[in-house]
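Line order of the protein sequences matches chains D and H. The first sequence begins at 1 in the working numbering and counts up one residue at a time. The second sequence begins at 1 in the working numbering and counts up one residue at a time.
Treat the hints as calculated values from the structure; they're not laboratory data. Some clues are possibly wrong.
Capping the alpha-carbon separation at 25 Å, the derived lysine-lysine pairs in PhoX-like fashion look like this [as the list claims (entries may be wrong)]:
id	chain 1	residue 1	chain 2	residue 2
1	D	K285	H	K9
2	D	K285	D	K259
3	H	K9	D	K236
4	D	K428	D	K576
5	D	K412	D	K537
6	D	K8	D	K130
7	D	K227	H	K9
8	D	K8	D	K46
Keep in mind that this is a model prediction, so the values were computed, not measured.
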Amino acid sequence: MLGRNYIKVLYIDLTTRKIKIERREDLMEYIGGSGVAMKLFSELVKIDQDPLDPDQPIIFAIGPMNTIFPVVTKTAAVFRSPLTGNLGESHAGGRLAMAMRFSGYDAVVITGRASSPVYIAITEGSVDIKEAGFIWGERVERTGKVLRDRETHIGSGKRSIIRIGKAGEKMIRFAGVNVDTYRHFGRLGLGAVFGSKRLKAIVIGGNRSYPILKPKEYNKVYNKIHKIATESGAMKKYHEIGTPINVVPLNEAGGLPTKNLTQTKFELANEIDGVSFAEDLLLRKLSCSGCPTGCIHIGLLRIEYGPGYKTKFTGVGYDYELIFALGSMIGVGDKKGVLRLIDAVEEYGLDAMSTGVILAWITEMFKKGLLTEDQLGLKVDFGDTEAYLEIIANIVKRPNTFYRDVGMGLAKLAEKYGGKDFAMVLGKHEMTGYHTGYGAMIGQSVGARHSHLDNAGYALDQTMDKLDKREMVRKLIEEEIDRCMLTSLHICLFARKIYGDKELVCEALDSIGIKATPKSLTDMGEKVWRLKNEMKKKMGFDFRELRFPKRFFETKSLNGILDTDTAKEIVDIYVKEGGL
Amino acid sequence: MPKVLRAVKMDQCIACMGCMLTCARVRYQSFSVERSAIRVRTAGGFQSQMIADICMGCDPPPCAEVCMSGALTPRAGGGVKFNRDACFACEKCVAACPVGVITMDNELHIPIICVECGSCARHCPYECLEMVEVETKDYVKEEERMARDVEEEKNAG
Chain D
1 MLGRNYIKVL YIDLTTRKIK IERREDLMEY IGGSGVAMKL FSELVKIDQD
51 PLDPDQPIIF AIGPMNTIFP VVTKTAAVFR SPLTGNLGES HAGGRLAMAM
101 RFSGYDAVVI TGRASSPVYI AITEGSVDIK EAGFIWGERV ERTGKVLRDR
151 ETHIGSGKRS IIRIGKAGEK MIRFAGVNVD TYRHFGRLGL GAVFGSKRLK
201 AIVIGGNRSY PILKPKEYNK VYNKIHKIAT ESGAMKKYHE IGTPINVVPL
251 NEAGGLPTKN LTQTKFELAN EIDGVSFAED LLLRKLSCSG CPTGCIHIGL
301 LRIEYGPGYK TKFTGVGYDY ELIFALGSMI GVGDKKGVLR LIDAVEEYGL
351 DAMSTGVILA WITEMFKKGL LTEDQLGLKV DFGDTEAYLE IIANIVKRPN
401 TFYRDVGMGL AKLAEKYGGK DFAMVLGKHE MTGYHTGYGA MIGQSVGARH
451 SHLDNAGYAL DQTMDKLDKR EMVRKLIEEE IDRCMLTSLH ICLFARKIYG
501 DKELVCEALD SIGIKATPKS LTDMGEKVWR LKNEMKKKMG FDFRELRFPK
551 RFFETKSLNG ILDTDTAKEI VDIYVKEGGL
Chain H
1 MPKVLRAVKM DQCIACMGCM LTCARVRYQS FSVERSAIRV RTAGGFQSQM
51 IADICMGCDP PPCAEVCMSG ALTPRAGGGV KFNRDACFAC EKCVAACPVG
101 VITMDNELHI PIICVECGSC ARHCPYECLE MVEVETKDYV KEEERMARDV
151 EEEKNAG
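Please model the complete structure; the sequences and the hints are all you need to start from.
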């Protein structure tokens with residue numbers, strides 16, 4: 001795609017252990033990232049088969065601007081979600097996009113199931129499927145260490161190592177894939193799909209170089225963007241305190257989901273706020289390759305593991321969503337507790353958000369007497385970090401039927417055990433950290449991935465003066481289309497203030513030989529959005545079947561108490577306005 | 001006195017790789033992390049600290065000493081100047097580099113070698129890299145200078 005008029009796709013079949021390389025000119029209209037991955041998914045998905053069937057594809061794709069423009073750092077992963085049974089799409093930063101860029105592949109497709117555990121090593125001249133029995137069962141971090149020592153030919157600093165932990169191996173439906181230690185394809189269960197293919201890890205990288213065809217134009221626009229990224233304050237929020245800067249303001253406004261959303265204000269919010277983390281525990285910041293921001297905040301977790309001050313330490317990445325899920329949502333109001341829980345989730349390779357929301361439901365079920373101590377193996381109450389650590393270990397160990405069922409995700413779990421009214425899922429996906437109003441609730445329900453990042457409804461709740469249903473729907477659709485465009489170029493959504501300027505995006509694309517207009521970019525975004533919705537329908541999604549747990553209407557949101565009829569009405573308008 | 005590159009505060013590095021991408025972009029009009037005279041890497045994953053492999057700006061430079069074609073010549077302040085047209089890709093400089101940071105580019109048929117231009121330092125968002133003046137490492141010159149100092153002191157005394 002860089003300096004050439006096709007998308008280079010690498011297909012790997014783990015069953016036959018054969019590969020195929022295609023140069024696809026027809027994919028250029030989808031530009032890259034989400035768009036290209038979605039198109040390939042539409043060609044390859046098996047509608048009638050289970051998401052964990054060996055024939056289902058995993059698709060990774062980057063866009064034309066990745067790595068060579070500041071803050072264009074993400075890779076899209078598209079798959080069929082074993083958690084929702086529907087569209088699975090997740091985005092990750094780290095080094096992966098850079099590693100793919102210099103390996104020469106714009107997209108990588110993996111199908112099949114290996115006869116025994118394997119990892120894949122990809123570089124510009126080779127694709128090797130190697131035995132991974134010796135690391136099957138290993139923790140995420142240790143797996144990275146072992147592979148770093150084995151796969152030295154690409155060179156340190158230029159490889160990306162993505163891998164699953166035990167959660168993925170056991171096909172827990174909300175297992176993620178860890179990317180280069182601190183980033184993740186977290187949501188919707190890509191880890192379980194890896195597990196179903198007996199794929200432990202992918203090591204990718206390369207030393208390809210590409211000539212800059214128009215150095216004068218390119219350097220001009222590069223420097224312009226670099227200046228905005230480093231000097232304008234556009235990235236300040238993410239760089240300084242980071243996303244956890246939201247904890248206190250959201251709490252004060254009454255939108256922070258707390259104790260399974262029985263509250264939207266948490267009495268200990270100040271303790272787990274971004275400022276508090278930064279002042280007490282911030283160890284360092286890191287960035288994804290090709291981004292000058294440094295938004296990855298690493299906190300110091302110091303553990304006294306024995307008498308006589310036997311002490312060890314580790315660095316744990318934290319962000320707003322993790323502090324919500326493994327903090328306020330389960331009533332844990334101390335930073336160390338939050339970091340210990342994040343660390344546990346990292347070790348097994350679980351999605352932090354889904355795990356936290358499930359823990360919250362378990363706690364309430366137990367308190368109401370709907371789950372027994374026998375089933376859980378312990379007693380639990382909100383704020384009990386020790387109990388939560390044990391439950392997380394059990395989710396992966398699966399000692400009994402209950403814990404095996406937990407592995408299916410909260411929607412299925414509540415169907416079997418009850419408590420649906422307070423099982424906080426939207427579109428079968430565990431909720432995100434905002435009870436701000438209709439924007440957040442409906443946004444996640446109607447968004448193609450059922451992610452708060454599809455259309456940022458939570459932001460609408462905080463900026464719209466008063467509820468105008470039609471206006472809200474219009475803005476949700478507009479934002480999602482815009483984001484489909486951004487994630488096809490695979491610009492990090494944190495940089496949407498910079499690249500929200502479509503003229504600038506066109507200038508950047510022009511400097512690397514790609515012609516686009518603001519209109520053509522929006523059209524492309526819409527096309528991708530429509531394709532996603534079309535695929536969802538084929539896989540059985542129906543807007544009319546959307547249900548909202550009662551709890552959403554019982555607990556006051558940032559915009560007051562919500563009501564079911566209004567929610568249903570907004571969904572109806574959405575379907576009509578979107579022509580879906 | 002001309003300055004040379006020093007990786008002075010790598011403990012502030014966020015691993016953005018901006019320096020490597022800049023070297024490739026500015027010096028070689030390329031998108032690349034391979035075509036870069038500076039190499040940033042971890043010492044064992046992101047849980048460890050970052051390391052930069054850079055030209056030491058030697059004075060006198062061993063790479064220039066072994067260069068037969070005159071492509072590499074000593075640069076005032078340390079390090080080398082590189083004349084691309086004179087280079088015939090003999091690779092002697094690669095072997096001569098005491099810290100092993102010179103690599104051959106098999107496509108361009110030239111060594112990827114630092115010329116102390118400072119572009120990487122200018123694009124480092126966290127001031128990990130800096131262009132600094134260094135005292136000469138040439139012990140002959142240094143001894144001459146010390147001798148001069150002693151002489152001057154004597155005269156002054």
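Query raised in the report: Within 25 Å, alpha carbon to alpha carbon, are K8/D and K46/D?
Result: Since the Cα atoms of K8/D and K46/D sit roughly 23 Å apart, the hinted pair holds (cutoff 25 Å).
Query - Restraint check for K285/D with K259/D, where alpha carbons must lie at most 25 Å apart - result: Between K285/D and K259/D the Cα gap is close to 30 Å, so the pair fails against 25 Å, i.e. violated.
Query - Given pair status - K130/D, K8/D, alpha carbons within 25 Å - result: holds, 23 Å
**Report entry** Given pair status - K236/D, K9/H, alpha carbons within 25 Å
**Finding:** holds, 22 Å
Query raised in the report: Keeping to a limit of 25 Å between CA atoms, is the pair of K227/D and K9/H held or broken?
Result: holds, 22 Å
Report task. Quickly compare the C-alpha distance for K428/D and K576/D to 25 Å and report which way the hint goes. Result -> It holds: about 22 Å lies between the C-alpha atoms, which stays within 25 Å.
Query raised in the report: Holds or violated: K412/D with K537/D, Cα cutoff 25 Å?
Result: holds, 20 Å
Report task. Could you grab the alpha-carbon distance between K285/D and K9/H and see if it respects the 25 Å cut-off? Result -> holds, 14 Å
In this structure, the one hint that does not hold is number 2.
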